[in-house]
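Asks: Protein chains in written order, with the working numbering: chain A, 32 to 298; chain B, 26 to 359; chain C, 79 to 634.
Heads up, a few of these hints could be off.
With a cut-off of at most 25 Å between alpha-carbon atoms, the simulated SDA-like pairs for lysine to any residue come out as follows [unchecked claim]: (1) B:297 - A:271; (2) C:264 - C:289; (3) A:281 - B:235; (4) A:62 - C:295; (5) A:115 - C:244; (6) B:234 - C:594; (7) C:359 - A:217; (8) C:449 - C:476; (9) C:593 - B:325; (10) B:234 - C:599.
Note that these hints are calculated values from the structure, not bench results.
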Amino acid sequence: MSYQIIVCAGIVPDPLQTLEPVSGPAGPALKNEAMLPHVLDPWAACGLYEAAHLASQFPGSKLWLLSLAPKAKLQQVIMSIAQKAAFELLPLDGPSSGFTDSAAVAGLLADAIAALPGLDRKNLFVFGGWESASRSSSTTLQIVGERLGILDQFFGVDQLRVLENGALEILERVEGGRHQISVCDGPPVILGWATGNLPEPPNNPQVGMANMRVLMPALQRAKPVQMAPTGLSYESAVVPKQQRATRIVKDMPVDEVARELAAWIRG
Amino acid sequence: MDTLLVLAHTEADGTLSGAALEVIEAARSVTTRIGADPNALAVGLVGEKVRPLSGVASVYAVEGPEFAAPRYATDAAAAEAICRASSTSVVVAPGTSRWMRALPGVAQRLNGRADTHVMAFDGTRATRWCYRQRIEAVLTRAERPWFVLLDAGLPYQPRQGEPAIHRVSVNLPPLRTRFGGFVETKSGQQTIRPDADLLLVAGAGWTKKQKDGQTHVPEAAKLILDFLAVTRASLGSSKSLVDLSGEGQAVLPFLSHLNQVGQTGATPRHPKGLSTCCHGEEPHVVGWRFIRERRAINLDPNCGWARGKADVLYVADAFEVLAKLNELLGAQSQ
Amino acid sequence: MPWQVVCYERADGLAFGVSGVATRARGIRVSFPHLSASQIPMAAPVASEKLVYLLDPHGASRRPFLMRAADRILRLFGGLIGLEHSAFEIPWTPSFLHKKGGLVLSIGQFNQWVGEQLMASGAVQIWPGMPVAEPLMDGRRVAGVRLLDQGVAPDGAPGPGFLPGMDIRAELTVIADGPVGVLGRKLDDLLGMPPGHHKRDWAVGAKMVIDLPEETSLEPGTVIHTLGYPEPEIFGFFYVHPERIASAGVFVPSWFANPVRTSYRYLQHFLLHPYLWRYVKGGRMRSWGAKSLQESGRRGEPHLVGDGFARIGEGSGSTNVLTGSGVDEAWTTGVQLAEAVLALLREDKPLSKQNLEATYVRQRRASWVEKEGRIAQRARDGFHRGVVSGLVGMALAGATRGLLSIPGSPHPVRRMEEYFAGRLSPEQIAALRRDSALRGVPLHDAVMEACGWPAVPYDGRLLMTHQDALLLGGKVQAPPGYADHVLFLYPSLCEACNSKICVEMCSGEAITAPKDGAQPGFDREKCVFCGACLWNCEQGNIAFRAGAGGLHSAEN
Numbered sequence: 032m033s034y035q036i037i038v039c040a041g042i043v044p045d046p047l048q049t050l051e052p053v054s055g056p057a058g059p060a061l062k063n064e065a066m067l068p069h070v071l072d073p074w075a076a077c078g079l080y081e082a083a084h085l086a087s088q089f090p091g092s093k094l095w096l097l098s099l100a101p102k103a104k105l106q107q108v109i110m111s112i113a114q115k116a117a118f119e120l121l122p123l124d125g126p127s128s129g130f131t132d133s134a135a136v137a138g139l140l141a142d143a144i145a146a147l148p149g150l151d152r153k154n155l156f157v158f159g160g161w162e163s164a165s166r167s168s169s170t171t172l173q174i175v176g177e178r179l180g181i182l183d184q185f186f187g188v189d190q191l192r193v194l195e196n197g198a199l200e201i202l203e204r205v206e207g208g209r210h211q212i213s214v215c216d217g218p219p220v221i222l223g224w225a226t227g228n229l230p231e232p233p234n235n236p237q238v239g240m241a242n243m244r245v246l247m248p249a250l251q252r253a254k255p256v257q258m259a260p261t262g263l264s265y266e267s268a269v270v271p272k273q274q275r276a277t278r279i280v281k282d283m284p285v286d287e288v289a290r291e292l293a294a295w296i297r298g
Numbered sequence: 026m027d028t029l030l031v032l033a034h035t036e037a038d039g040t041l042s043g044a045a046l047e048v049i050e051a052a053r054s055v056t057t058r059i060g061a062d063p064n065a066l067a068v069g070l071v072g073e074k075v076r077p078l079s080g081v082a083s084v085y086a087v088e089g090p091e092f093a094a095p096r097y098a099t100d101a102a103a104a105e106a107i108c109r110a111s112s113t114s115v116v117v118a119p120g121t122s123r124w125m126r127a128l129p130g131v132a133q134r135l136n137g138r139a140d141t142h143v144m145a146f147d148g149t150r151a152t153r154w155c156y157r158q159r160i161e162a163v164l165t166r167a168e169r170p171w172f173v174l175l176d177a178g179l180p181y182q183p184r185q186g187e188p189a190i191h192r193v194s195v196n197l198p199p200l201r202t203r204f205g206g207f208v209e210t211k212s213g214q215q216t217i218r219p220d221a222d223l224l225l226v227a228g229a230g231w232t233k234k235q236k237d238g239q240t241h242v243p244e245a246a247k248l249i250l251d252f253l254a255v256t257r258a259s260l261g262s263s264k265s266l267v268d269l270s271g272e273g274q275a276v277l278p279f280l281s282h283l284n285q286v287g288q289t290g291a292t293p294r295h296p297k298g299l300s301t302c303c304h305g306e307e308p309h310v311v312g313w314r315f316i317r318e319r320r321a322i323n324l325d326p327n328c329g330w331a332r333g334k335a336d337v338l339y340v341a342d343a344f345e346v347l348a349k350l351n352e353l354l355g356a357q358s359q
Numbered sequence: 079m080p081w082q083v084v085c086y087e088r089a090d091g092l093a094f095g096v097s098g099v100a101t102r103a104r105g106i107r108v109s110f111p112h113l114s115a116s117q118i119p120m121a122a123p124v125a126s127e128k129l130v131y132l133l134d135p136h137g138a139s140r141r142p143f144l145m146r147a148a149d150r151i152l153r154l155f156g157g158l159i160g161l162e163h164s165a166f167e168i169p170w171t172p173s174f175l176h177k178k179g180g181l182v183l184s185i186g187q188f189n190q191w192v193g194e195q196l197m198a199s200g201a202v203q204i205w206p207g208m209p210v211a212e213p214l215m216d217g218r219r220v221a222g223v224r225l226l227d228q229g230v231a232p233d234g235a236p237g238p239g240f241l242p243g244m245d246i247r248a249e250l251t252v253i254a255d256g257p258v259g260v261l262g263r264k265l266d267d268l269l270g271m272p273p274g275h276h277k278r279d280w281a282v283g284a285k286m287v288i289d290l291p292e293e294t295s296l297e298p299g300t301v302i303h304t305l306g307y308p309e310p311e312i313f314g315f316f317y318v319h320p321e322r323i324a325s326a327g328v329f330v331p332s333w334f335a336n337p338v339r340t341s342y343r344y345l346q347h348f349l350l351h352p353y354l355w356r357y358v359k360g361g362r363m364r365s366w367g368a369k370s371l372q373e374s375g376r377r378g379e380p381h382l383v384g385d386g387f388a389r390i391g392e393g394s395g396s397t398n399v400l401t402g403s404g405v406d407e408a409w410t411t412g413v414q415l416a417e418a419v420l421a422l423l424r425e426d427k428p429l430s431k432q433n434l435e436a437t438y439v440r441q442r443r444a445s446w447v448e449k450e451g452r453i454a455q456r457a458r459d460g461f462h463r464g465v466v467s468g469l470v471g472m473a474l475a476g477a478t479r480g481l482l483s484i485p486g487s488p489h490p491v492r493r494m495e496e497y498f499a500g501r502l503s504p505e506q507i508a509a510l511r512r513d514s515a516l517r518g519v520p521l522h523d524a525v526m527e528a529c530g531w532p533a534v535p536y537d538g539r540l541l542m543t544h545q546d547a548l549l550l551g552g553k554v555q556a557p558p559g560y561a562d563h564v565l566f567l568y569p570s571l572c573e574a575c576n577s578k579i580c581v582e583m584c585s586g587e588a589i590t591a592p593k594d595g596a597q598p599g600f601d602r603e604k605c606v607f608c609g610a611c612l613w614n615c616e617q618g619n620i621a622f623r624a625g626a627g628g629l630h631s632a633e634n
C-alpha cells in the first residue's frame, strides 16, 4: 500500500508576538504582518509530522505540503521546517490572515488538490490542523472535503492507525477529556489533527539539503491567487483588555473563599 | 427577514443536554431581536431516539440507529435534510465536537457559511475569538444559510406547548465509518488538556515550608490530585516547581515538564484558570495570556497576581482552601 | 558538483538579531547600489544628528570630580548656554561620529530583508535554529563543523528524539558567529590569537524598540547619541524610524567597575531622563534585546584565515571602537571574503590559507575597514583610567587619526565595599546582600535605590519588570530537547566569589543567585545569548556553549 498525503497548512505569527488588529480597505488585518516572524500553523505542523510518519511506514507514499501564504513569509517558514520532514511543496501566493473567509481559502485549496497530476483518490489522505492559530474556526477542511466529495472526516485527531486490512482506526478528541474511536474502511479521508502523540522531529541537515532541491524551485514558481469575493464583513476586531482590575480578597474565611470558588468553577 | 432553527443532537435517552437547552434559550432571545416570534422557534433534533421538546413551535426530527453515534457522514446528511426541510436561513447550534465536525460541511452543501466559537449572537452580528483568543471580532455575513455554533447559551427556561413534529427522511450515502466507542485519557499522565474547562496551576509554594515550619508535600499532592479528579481540570505548573523535581527535592510526584504552563507547545486555551501558591512568575506562566477568567490563591497580597494579572486574588492558605473546595465540589457532584 | 553555500544560523530566525543601528552604509550601498530606505521595513535616511551630554537629575550616578565641576558650571550658566531638560546639546559633533548620508535601520528587519533576497535567488541555503557546537579539526585544519546534539535533557543526557549533532564537512568554513560565538572562540582557544591581540574589552548593549506617542514631533532619521547618564561610562543612543517608532539603547562597558552593573535597569533610567522622557512618555515597548560587543576593536582581530577557514564580521575584530560602528564594517568584510572566494574559484585555485591571504586578507588590509580600524584601535584605552581620560583619549585619537591616545589597562571589577565606600557602609551592604538573598533577586535594584536611584514607575506598557520585558519585549523562547548551554565550571571558584556579577549582569535574569550550594542557577528559557556572563566572570569560570532559542522579537 502506498498513499498520497496532502497536508494543508497555513502560516501564523510566532506565538509570543504582539498582535494588533488594524482596519484596512479589505477589512481587519494584523499591523505590520509582514514584519512579524511566522511559523507553520502549530496543529497543522503536527499533521505534517504525522504525515511524514505515515509515509515512512508505507514506502512509495508521497507527501505534499499545500500552503496559502505570502511567498516571502512562506519561504521563511520553509527554512524552519524543511529539515524536519521530506515533502513536496504546493505553494499558493496569497494572504495568510485569519480574517479571510475560510470558504474562499478552502476553495483555493480544493482546486489545487483536484488539479494535482496523478491524484489517486483511493489512496488520498488530506491532513490539516483541527483549527488554525489564526482564524481558529475549524471550518476550512470540511469545505475542502465537501468540494472533493470526501465524506469521511475526522477532527481533533490524536492518533491514526492503519489496520491490517487497510482500514483506519482514528482517535478524535471529544468532550470530557475523552477520545472517540472510529474505524473507517480506508482513504479518501480528511483528518484535522490536534497535537497527536509524536515528538517534533529534530532538524536533520541531510533532509534539509535534499528538500532544498525541490522546495525552492517550487516556491519560486508559486502563482499569486485571487481570493473569491465574500459576504463576510467585520464590524470590529480588537485586543481584549489585558490589564485586569484585580479584586483582592483578604480576611475572608476559608469556607467562604471555597464557596465562592466552587460557584465560579461550576458556573 | 431571517428564519431561525436550532440544531441539536440528542443524548442516548433521547433528551437534550444542558448545553443544547441553553443554546435553545439563547436562540429564543435571538428571535426576539430579529423581530420574529420567540414562540415560533423551530428546533431540529438528530439522534437514535428523539423526544419532542415542549415550548417550541416545530420540531424537525431525524431519528434512527444510524444517527446514534457522532459521525461526519450521517450527522451532515441529517443536518442537511433538516435545513432543507425547514428552509431556514439562520441555524444556531451548540459548539459540541459533534456539530463542530459536521456543520461547516453542511453549510458548504447549502451554499451558506459557518462561524464557530461564537460567544455572542444577536441575529445579525456574531462575536468570536480569533488568533487563539487574542483578538475578539464582531462579524456579519450576507450568505445564507448561516450556521452559528455557540460556545455558551442562556439558562434554560422550560415552557409549555406541543410542537408540530416533522419527521425528516434522510438519504444516506454508503457508510464507510463505524463508531468504536470512547476511551478515557489515562489519568496518570496529567498532561495539559487544552479542551478542559479549567486549568489549575500549582506553584512552588506547595512544596515550601508552611506556617508550622514544615513541608507538607504528600498532603499537597493529595489535595491537588483530588481537585483534579473532582473538577476534571488540567494541571499545569510553574517552572520553579518543575525544576525542583530535577534537584532531588521532595516534590509532587506526578509532575513532569509536560505540565509546565508556558513551555512552547503546551499553551493552554482553557476558559478558566486557577493559580495556587505561585507568585505570578509571569514569564513562565505565559499560557495565562490565553485564559479568560483568572483567579489566584496566594498568601502574599503583593504577589504578581495582585497587579492586574488576575481577576480575583484570594489572600489565603491554598492548603485550607483546596481542602474545603474539594469537599464542596465532591458533595455537589454526588 | 556545483558549489553549495550553506549557512547555519543559531537563532531561531534571521530577524532575531540586536543592534542600534545608525550606519553610514558605505559597504552596504556597494552591494545594493539602488538601495532606498523605503524598501526595508523600519529603515529611514539619517536626517539629523545630535550629541548630547546628559546631566544627572537625581545625583545618584558616580561622577568624577571634573565632570561634577563641569555639571556645576553648566547648571550655573544654564540659561545662557541652552541647558534644558537636564541636558546640554553639544554644538559640535566630532567628524568621526557623523552618520551623514546614512541609514537608521533595524538589524532584524534588514537581515530579514536580505534573507528574502538571498533565498529567492536559490543560490544559498540558510538554516535558522541550527546551533553549531564546535569546529571539526584535522590537526590545525578546519574540516567543517559539528552541529549541536538535539533531543537531550538539560544535562545533555540523550532523551526521546535524540539526534547527535551531525558533522558537516566543507572546503571552507566561514566563521561569522560574532564576538561570543562558539565557533570563533573555540578556534581562538585552539589556534591562539595573533601576537599582541586580545579580547579584553567588552560592552553589553541593551535596547528597546518603542512606539512613540501619537503626538510625537520627532522625525524619522533623527539620530541622538548621549553620554553622561545614567552613569558617565554608559553611552546611549536614540534613533527614530518611520511610523513613530524609535530605538533606544545603552552600552554598559567592561571598564564600568561597578560590581552590580546591569543593563536593563540602566536602560530604564536612560529612558526616564527628562531629555528623552519628554519624547517617550506614554509610549509602548515593542521589542527588547541585548548583545555583547567586542570593544577591543582591531586588536581583537583573530587569525583571519587558515587552512579550511576564514573569519569575517564582528568576531573578526572589524568593529570600529572610535565611531562605535560595526554593521557596515562587518558587512564589508563579508563581501571581501566572498569576492576573494569567487575569484579563486574562477581561477580554479584552491581555497588555501595562502590563497585567502593573498586575496581576502590583502583586500581587507587595503580597505577603509582596516584604515579606520587602525585609527580607532587604541581610542578607548583611556577609559581604563577613568571617564574623563577616556573621553579625552577618544577625542585625541580622532583628532590625530590614531597617532595619539591615552593608554590604559583593564582593572578588575571592584569589590562592593570598595566601590560603594563613602556611599554605603559595609553594614548596609551586608544588609542589602541578606535581603536580596532572601528574596532571591539580584542585588542591583536594592543597591541602586540605596544610592539614590528612584524606583522605576512601572506602567506595564513601556516601563515594566525585567521578566515582563523578556516576554512582552524580547518574546524569549527556547525549544525543548537541548542541553543547558551556560555552565559554572568549578564550584570552589563560585564559592569564593564575592560579587556574583554574572547574576547582576545577566540580560535575561537567566542566571540567578545560588540557592543551595555555590553555583548560580541557570534557566535556558530566559537566556537571550548576549554572552555577558562569559566576559563578566573574572575567573573565567563560566562556559558559554552552543544553545538553541533566545530572542524572538524581530525588530531590534
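Asks: Run every hint past the structure and note whether it holds.
Replies: Outcome of the hint check:
{"no.": "1", "hint": "B:297 - A:271", "in the structure": "holds (16 Å)"}
{"no.": "2", "hint": "C:264 - C:289", "in the structure": "violated (40 Å)"}
{"no.": "3", "hint": "A:281 - B:235", "in the structure": "holds (19 Å)"}
{"no.": "4", "hint": "A:62 - C:295", "in the structure": "holds (22 Å)"}
{"no.": "5", "hint": "A:115 - C:244", "in the structure": "holds (14 Å)"}
{"no.": "6", "hint": "B:234 - C:594", "in the structure": "holds (15 Å)"}
{"no.": "7", "hint": "C:359 - A:217", "in the structure": "violated (63 Å)"}
{"no.": "8", "hint": "C:449 - C:476", "in the structure": "holds (13 Å)"}
{"no.": "9", "hint": "C:593 - B:325", "in the structure": "holds (21 Å)"}
{"no.": "10", "hint": "B:234 - C:599", "in the structure": "holds (21 Å)"}
When each numbered hint is compared with the structure, violations occur for hints 2 and 7.
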